[in-house]
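*Asks:* Below, each chain spelled out in residue letters.
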Amino acid sequence: MLKTLNQKISIVLILLAAGYLYMSYNLKEYSYVPVDSDFLPKVLGYLLIVLAVFLFFDKSSETEEEKEKRQVPRSEILVLLAVGGMIFLYIFLLEIIGFVLSSVLFVFCCSLFLGYRKHKINAMVAVIFPLVMYLSFNYLLQISLPQGILPF
Amino acid sequence: MGAGLMEGFQVAFSWQGILFVLIGVVAGTLIGMMPGLGPISAIAIMIPITYGMDPSSALVMMAGVYYGAVFGGSTSSILLNAPGISGTVATSFDGYPMAQRGEAGKALAIAAISSFVGGTVSVVLLMLFAPALAQVAVSFGPAQYFALMFLGLTAISSLSDGSTNKALITATMGFMVATIGIDGQTGTTRFTFGNANLLEGIDFLVIALGLFALAEICHLVIKRKDTSLQNQGDIGSLKLTKQDFKEMRGPMTRQSFLGFILGVLPGAGATIASFIGYISEKRIAKRPEEFGKGSIKGLSAPETANNAATSGAFVPLLSLGIPGSGTTAVMLGAFLVLGIQPGPLLMADRPEVFWGIIASMYIGNIFLLILNLPLIPYIAKILKIARPMLISLVAIFSLIGVYAISFSTFDLYLLLIFGVLGYLMRLFSFPAAPFILAFILGGMMEQSFRQTMTASGGDMMALISDPVSISLYIVSLLSFAVPLIRNRKSARQV
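In the order they appear, the protein sequences are chains A and B.
Position 54, counted from 1, in the first sequence is what full-length UniProt numbering calls 54; the numbers after and before it change by one each time, with no gaps.
Position 145, counted from 1, in the second sequence is what full-length UniProt numbering calls 145; the numbers after and before it change by one each time, with no gaps.
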């Protein structure tokens, strides 16, 4: 039944809109407000359904350029997931071990993982960049970045 | 006016004046380059420095910080596709593709010159029309604002190369995201799932950096070995040809005026000015298909408009004491800290301050140009960094930008989610620009709509009850319909 990519995406969008509408109908209502807080969300929910239905019946085929854009080798998807995982880990560790240490680890490991082989430069940048950012933010701009386990 | 202006120039051209303008624009540019630190943060950061300073010098410096930060914001948009402030999102549409095809130097030069022209023309306009325009600005009610936002939203169709339906879908989703948080009118929490972090809604920067910068990182990870993109490191020549200037001339002239007028309107400001500047140039361009692929006009228009709007925003602030945006609200704070009350009496009571700020803007714009043009080759060297390293650094840059405004790791997880969404949107050819445009305008539009309805007791006709609103709707409909008709005609001819 779902032959084209547009049809598959439109089903996802309709489900998303349905969930959004369900939540919109559960918003608190007030009697004496001319336009209540649920008005716009309901309009948007139905609008998305209408647009998704148009997309479902959209007969325009994908251009070669668009198709090519989606052809990502499986190995590269794994690399992408790994980088995403590193960012996730970075965020998790940011407030625990602090900005400087987590950034040093992230910059060095991520660059190495992605194929940067000049280890000395990598190590230097991984240390200097976070330190400069940390000192500029904390002492020059008075914006406190997480100190973590470091004494400064 | 003449005597006041002379007094203002005396302030601006004194050695203290020149020095503080210089400090202001340099600090503003540097701070503005960092994502998350736009003009608001830049001014707020500088306020403590002004304690004890002479008010004229302090405010001259603050004005320099303001337009310096707007100027600096375009650099990260052009070089990294990481717009740090909403006013420079439209800059990245054509600036980043130019940098990608090895013309980063040219793109930065175009941005610098356009900003200079936009800034300078609007200062002249500010000088001539400040009091009169302020009266017009305060006459804008919620209904007129709604019509203005509606006009802004008609940009959606022109912000997409492919399917208009897909652009409308992403815009609707952007609008939906804008409804997250506490409803300003009734206090109801909407779509927060009981999470306290979502009560204030999602910050613009989380979405902009997610959809643009993190999505770009995903793209770079996949293409890191692609040798066809190796020329990305070349910044190209900074020299602009006669043809380049010819292309820039139109957008710079038109957008200086348009940007200034939109800047004067409280609530509109640099963001709407840059978007409307971009779409209006695309609508009238002979080759609109070049927009979004590195068009000179597409870069020059928003850059001129956002800088023109920055000076425009000073009109209601200086003439009426009304801040029209978050940034001018912080500016107002800076005025009050220094014991100056901006408003109708400022011009008469403290002419050296009123005219000093205006006169310093001329000098500030010249400084920005003189300082930044020679620095372009050094700034653009960012692109020469090896791709694996650039990916890691841009990731940290984006994460720290978001953390610096919210101090919450929750926003960083959200950033990651929007990064994934942005990348999926790229893969499936859904344009990201309408999403962010609808997100920015959505909240303001809903607020204006509901204010109009409250004031009129729910009468929908209140939206079209005055000539200003009607004119704006007519322009909106024309700007939406004309390209569609034109496209149909050209499709038939093919």
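Rather than coming from a laboratory, the hints here were simulated on the basis of the structure.
Computed from a predicted structure; not experimentally measured.
Please note: incorrect hints may appear among the correct ones.
Said to hold, decoys possible - Below, a list of computed lysine-lysine pairs in the DSBU-like style, where the Cα atoms sit at most 35 angstroms apart:
1) B:K239 with B:K293
2) A:K67 with B:K223
3) B:K381 with A:K67
4) A:K118 with B:K242
5) A:K59 with B:K384
6) B:K384 with A:K3
7) B:K242 with A:K67
8) A:K8 with B:K293
9) B:K223 with B:K239
10) A:K120 with B:K242
11) B:K225 with A:K118
12) B:K384 with B:K242
13) A:K59 with B:K239
Claimed, not checked - FRET-style restraints, in silico, Cβ to Cβ:
14) B:A196 with A:L131: 30 to 36 angstroms
15) B:I464 with A:V72: 46 to 52 angstroms
16) A:F92 with B:G343: 57 to 63 angstroms
Claimed, not checked - Covered stretches of chain B, as calculated for chain A (at least 3 residues, CB under 8 angstroms):
17) 172 to 179
18) 216 to 226
19) 377 to 391
20) 439 to 451
Don't be surprised by glycine CBs; every beta carbon is placed ideally from N, CA and C.
*Asks:* Among all the numbered hints in the text so far, which are the ones the structure does not match?
*Replies:* 4, 5, 6, 7, 10, 13, 16
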